[in-house]
Amino acid sequence: MTNHHKKRSAKAGHPPGTLIHIGERKVDQPIFSVFAYGADHFEEMRAASVEECRRVKAHAEVTWINIDGLHDPTVFEDFGRHFGLHPLVLEDILNTDHRPKTEDYEDYLHVVLKMMNLTKSKRDIDTEQVSLIVGADYVLTFQERPGDLFDPIRDRIRLGKGRIRNHGPDYLAYALIDVVVDNYFAILERLGERIELLEETVINDSGAATVREIHHLKGLLIHMRKAVWPMRELLDGLRKSDSTLIGRETVPFLTDVYDHTIHIIDTIETYRDLLAGMLDIHLSAVSNRMNQVMKVLTVIATVFIPLTFLVGVYGMNFQYMPELHKRWAYPGLWIVMILLAVGMLFFFRRKKWL
Amino acid sequence: MTNHHKKRSAKAGHPPGTLIHIGERKVDQPIFSVFAYGADHFEEMRAASVEECRRVKAHAEVTWINIDGLHDPTVFEDFGRHFGLHPLVLEDILNTDHRPKTEDYEDYLHVVLKMMNLTKSKRDIDTEQVSLIVGADYVLTFQERPGDLFDPIRDRIRLGKGRIRNHGPDYLAYALIDVVVDNYFAILERLGERIELLEETVINDSGAATVREIHHLKGLLIHMRKAVWPMRELLDGLRKSDSTLIGRETVPFLTDVYDHTIHIIDTIETYRDLLAGMLDIHLSAVSNRMNQVMKVLTVIATVFIPLTFLVGVYGMNFQYMPELHKRWAYPGLWIVMILLAVGMLFFFRRKKWL
Amino acid sequence: MTNHHKKRSAKAGHPPGTLIHIGERKVDQPIFSVFAYGADHFEEMRAASVEECRRVKAHAEVTWINIDGLHDPTVFEDFGRHFGLHPLVLEDILNTDHRPKTEDYEDYLHVVLKMMNLTKSKRDIDTEQVSLIVGADYVLTFQERPGDLFDPIRDRIRLGKGRIRNHGPDYLAYALIDVVVDNYFAILERLGERIELLEETVINDSGAATVREIHHLKGLLIHMRKAVWPMRELLDGLRKSDSTLIGRETVPFLTDVYDHTIHIIDTIETYRDLLAGMLDIHLSAVSNRMNQVMKVLTVIATVFIPLTFLVGVYGMNFQYMPELHKRWAYPGLWIVMILLAVGMLFFFRRKKWL
Amino acid sequence: MTNHHKKRSAKAGHPPGTLIHIGERKVDQPIFSVFAYGADHFEEMRAASVEECRRVKAHAEVTWINIDGLHDPTVFEDFGRHFGLHPLVLEDILNTDHRPKTEDYEDYLHVVLKMMNLTKSKRDIDTEQVSLIVGADYVLTFQERPGDLFDPIRDRIRLGKGRIRNHGPDYLAYALIDVVVDNYFAILERLGERIELLEETVINDSGAATVREIHHLKGLLIHMRKAVWPMRELLDGLRKSDSTLIGRETVPFLTDVYDHTIHIIDTIETYRDLLAGMLDIHLSAVSNRMNQVMKVLTVIATVFIPLTFLVGVYGMNFQYMPELHKRWAYPGLWIVMILLAVGMLFFFRRKKWL
Amino acid sequence: MTNHHKKRSAKAGHPPGTLIHIGERKVDQPIFSVFAYGADHFEEMRAASVEECRRVKAHAEVTWINIDGLHDPTVFEDFGRHFGLHPLVLEDILNTDHRPKTEDYEDYLHVVLKMMNLTKSKRDIDTEQVSLIVGADYVLTFQERPGDLFDPIRDRIRLGKGRIRNHGPDYLAYALIDVVVDNYFAILERLGERIELLEETVINDSGAATVREIHHLKGLLIHMRKAVWPMRELLDGLRKSDSTLIGRETVPFLTDVYDHTIHIIDTIETYRDLLAGMLDIHLSAVSNRMNQVMKVLTVIATVFIPLTFLVGVYGMNFQYMPELHKRWAYPGLWIVMILLAVGMLFFFRRKKWL
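Chains as they are written, first to last, in my numbering: chain A, 5 to 358; chain B, 5 to 358; chain C, 5 to 358; chain D, 5 to 358; chain E, 5 to 358.
Everything labelled a hint here was simulated from the structure, so no lab data went into it. Take the hints with a grain of salt, since some may be wrong.
Claimed, not checked - Partner residues are not named here, just some residues of chain C that face chain D (Cβ under 10 Å, in silico):
#1 A179
#2 T271
#3 S288
#4 T302
What the hints assert, rightly or not - Taking lysine-lysine and the DSBU-like style, the derived pairs with C-alpha atoms no more than 35 Å apart in a straight line are:
#5 D:K356 with E:K299
#6 D:K356 with C:K299
#7 E:K356 with D:K299
#8 B:K299 with C:K355
#9 B:K105 with B:K126
Values in this document were obtained by computation on a predicted structure and should not be read as measured data. Ideal Cβ positions, reconstructed from N, Cα and C, are used throughout, including at glycine.
Could you build all of it, start to finish, from the sequences and the hints given here?
Right, dumping it as structure tokens:
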């Protein structure tokens, strides 16, 4: 989580708008997949060049071009020229270390999202930046690597399910954002399960692993909140936007996603509160157990110390110790010692020290 | 409290507006109970179908249809068609994992509430989502299962008590919200009693149960606050709403409920502060008691250690130890040891270590 | 502090506006005391009925009716009719579990205050709700039981001291609020003294009583803040109000009280910070003392342990132990042991462990 | 710091505007020092009466009257009459327990400041209230006792240094406020030095004195912040004021002081953060040292316990103990014991317990 | 970090606008380096006097004068006269203890920045104040000492790289601010690496060094946040400014830097959260290890205490102790003691105390 800025310093000093890819994962070749559709037609293809994308776009109501892989700046210069994108937008797309935001460039909207997935081990969160360009009759999406989160939407377009084919690019953009946000819920569910599990172990098992798990979960929640907070602002901005690119009938849908982000933030805060409480319970349980142990051990020691003193007394070599020569002395001492021990134990119990 | 999102992931990928019921408790058959009334007439019935509900509605000033049970999506599609509800509203009604909110769809208002009840054991809180649709001459309420919280209002309508029969659907909606909010007070009373009880036990009994009870109460308060905060916004929105569906004379009543929610939030915060203070007192009491025990035991050990050393000295087998052959040596040593022990105890007492 | 809602649940289910008294303390008979005055006339009386109050009101510039005792709802229905009060206002007056607020009903203002007094033991705070109705030529005040906080104002009216007789009901209302707010300062003074006292004891005396006193004071401050915060909003609302009932020349006076409430909140926050600091000092002092004790005792034990070992060595019964037969052995051992003990003490001191 | 309200209760019950001096320090006789000046003339005098002050004022561009000593209310009634001051303003001037604020009375501005000085011991902060009345051609300043903070400004007026003689009363007021605010920096410097000093001692010396010093500094910072926060609001109010008494060219200067107050608040917050961190380091250092000590002592005890057991074994008086009669037994036991001790120490070291 | 105000007190009492340099580092002679350029021409020189700077400025589209070294006030008086700067601006430039801000003086904008660099040891942050004056056709930058952070921009101007030569002084100002902000990322990267390193050591190594490192990093982050927060406000102010000096096409670039500052603040907060969590883990690890040690040692002591008592018993010198004369007694005791020890260890293990 701390290696956000690893390669950003490589960019220091370059003039703004210089296209340098900041990020780790690459694909061999950027892949352009194009969906061109309207209420009654639909076309799907893999384009070889930006030029080809453009040709398809000419005779469709909505064109969705998805680009996987950001490592080749020249491709993006082409895109910039063809779609009239501001150099700073191109720079932002390539720099995958951005916080979610939306910017209105009149001819198009630029939306930066954080797509989150659980890693294979289901223990960590994998974050990927997705950039959306929403124009009057097209949507561009830029991803660092191919992923299957958008597949249900592709299916909906292919099969004409729901209202997606009857709406414009704003609705498509909404659908894409909605999928990203819905996935947060899936992650939160998984985290919620781990928190529930923790709730049970925290009382019985006080290993250091518990503390580390609590802090690991806390870290993930901080990480998510960092992504969702700006998401919330972004969606509030979109639904209240006076851009002509967002149709009036799309607003309730955006409001719906907006409500989801608020819900997510609420849940994150609740989880954080629960984890904080769990840490308290854990610490209190650990110190409780420790105290229990120390108390019992100390009591054992305390009971034997006077007894040891007594046997020491009769181990002395004084010439004149009358007790030593009495027949009843040895068994008598045993009785005294047993009474003493029992008395002390009884006293400790009554004082609730045991 | 952590299983909010259990089934939500089942919905991921479906187009928005798909009617899937998210929630746990079901009734066998959705029940429609219809109240149609005006200042001077009143009719009550159990409807078999949406169509039947509609027929009653035609000739009444206010029609209140209450639906218990949300598991059958086809019923809701009917409702949607008959009352012209937006697909997202229907989706929200079925998805019982929402935060309270209000939405103005011009022809009707959509209000989502969280109804809370103590469980049978009186130890936990049971939360149920209630959706209200407030139209020009009707109110729809959707509940997950039949409950008796609305019964007093039913009685008021039946008997014509209060001003409910002389007012429109906005007043009915207010009355329903008021009942839900008033029930929060009842829950807070019960929690308040448990906190008072804790205040007494926390000083004397330092068991781990106390910590768990404190954190349990804290969790319930977090849970309630999460429901009441958006409730407050919701009511503020309603009373300041410029919707024609909310009459001018209903506004003071809504302001009244709004004040109640603020009061509830205040009380929740006060309780949280009290619990935080109690946790501090508890921890301080535990460590105090522990210290007391350890101190006494350590003092006992410390007093005997020099004595044991002394008796050890006269247990040595040196050939030339003049004291061993003195008559007064043994009783003398006893006197020395008693003086030493008393002196140490006196010293510890003066230092306030005992 | 936790029994706020004790009887509130008794009201659940009743239609709003039902007049039920929620509160504890009652007087046998509600007492109406009426002050009717103007710049040059003044009349004081005890009225037997609402009707009588009204007669006096007719020919005075300002009429102040104070009602002590809220248990008889029928009286309040009379009042409501005569003065044209909204049912919710009457309900609020009787329900003494409200947070301070102000409401503008055009013909009159409704102000709810929390009057606070130290209990007889000077250890706790006694809270009483006071409701004000400020009309064009009258002020109504409702108290739960007779009290003497308003007596100085009564004297001022009687003697025509200050500017009270030359001003309208708004000034009278200001004067009443001012007295209530000024009394908060008196309570804070008393709490301030107790905090000062604590500051001295906290360092020397580490009893559990200190922690409880700190938390008791914290509780009182939380309680006060809960009352003063809405008071501040209330006064801000009044001074910025565009109601014709508040004259322009009364505004600076309201601003003055408003400043006082801010000052009170500031002081409460400062006290809370001081108490938090004191708790830290207390905990640090307790653990410091404990450490001191444990350290000294442990050092004593540690010094004697090797010595006890040594005397044990020469208590062994081996046949061939050459030292046992040397004349100098016994005194030599004493010298060795003393040197060892002194050396260890010296070492501990140098390490600053003593 | 807690005796703010000591005498305030003396005022409870009096009508507002009653002139009672609340505060501690008095001078024998109020002193009026008058500066009357313009771009090309300057006059300085000590006035005997308000009347005399007024005479000087008549023929000067700017008149600055400074009053030291607030104990004689009759003087202030004179002032009130001559300068047309509102009774509440006079009351505020005499009541030296106010938070900084500014009020616009059209003909004049009323500004309340908190002047702070280090006490002689340089350990505490001494707070004095200064009230400013800024009129069209005069400035009145009220202090509780004579002080020399304003002397540099007096010199500037006398010598005509800077632009003060060429500007109106608003600039003079600015200059006075600036001096007060600049003095906060001086105090913060001193506190900063003490914090730096603490940073060094906190790691080595863990006395209770350190905790007390940290909390003392924290208290002072809380005290300062309480004065500076309203100061910031006050200056923001002044610079954005639409009063005709504040000239346009004075605004950048007020903005400059405003920036200073923000800077001071920033520094206070930073210091508080540093102190909080230091407290953590201190606590961690204390517990670290304690642990170190306990660990070493416990290890010593632990090493000797088995040895003492062994020598105890050969101190037993059994008739048939073959070892006792072997020549090599005694030196052999020594070797065993030394090996055991070394082995345990080695084991503890390897486990990093030493 | 605490010596901010060291020399500021030297200024107290001087009239505002007095030019006194507050700061530590000086260069021998202030250095003026002048860049005069336009789309198609470029000139670079080292000026000897302000007059010379001015001459170059006359025939260039944009003139950038960078001044290193602030110790000679007379130079700044010259500058003030030539460029018509307000005395407070000059004072602010010389006083290097300012928080970042922007001020609009109509003819020019005054921007104060904090430039941050890692010290040579890479452990601390070195802060330098940079003041910018942005006029219609010139930019002045004032630095305390020569540095190379602006060198990439100089190169871009020299080589005509990027769009800098085609834009006005507003773009140059943006580029300078951008470089300063980008450098914060570089510092955060370095801090991020140290935090990552800490994350590994914190679990294994519990030295006091870890706590100090955590607090050191916390201090640096507090320090950075203190600089970046006002930077954020400053940039928000600039991009929303209605000054004619900021061209419309520069706004997206300023918005970009603004986003960067938000990102930086986000990262700082995340790092602070991580450090807080690490401190918790550290404390929990330390106390865990300590408990482990104490537990093992206490168990050893506890096991031997009864054994030592037993051997003490048979070291007693009673005349009548039948066991002493049995052949099997000595080996029998050994067996009993071994069984006892093993039994206790087994019991402790089952109780999970070991």
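Comparing the hints with the structure gives:
1. A179: Check passed: Cβ of A179 of chain C comes within 8 Å of chain D, closer than 10 Å.
2. T271: Holds - the Cβ of T271 of chain C comes within 10 Å of chain D, reaching about 7 Å at its closest.
3. S288: Holds, about 5 Å.
4. T302: The hint holds - T302 of chain C has a Cβ within 10 Å of chain D, the shortest such distance being about 5 Å.
5. D:K356 with E:K299: This hinted pair holds, its Cα atoms lying about 15 Å apart.
6. D:K356 with C:K299: holds, 22 Å
7. E:K356 with D:K299: OK: K356 of chain E and K299 of chain D at ~22 Å, within 35 Å.
8. B:K299 with C:K355: holds, 24 Å
9. B:K105 with B:K126: Holds, at roughly 28 Å.
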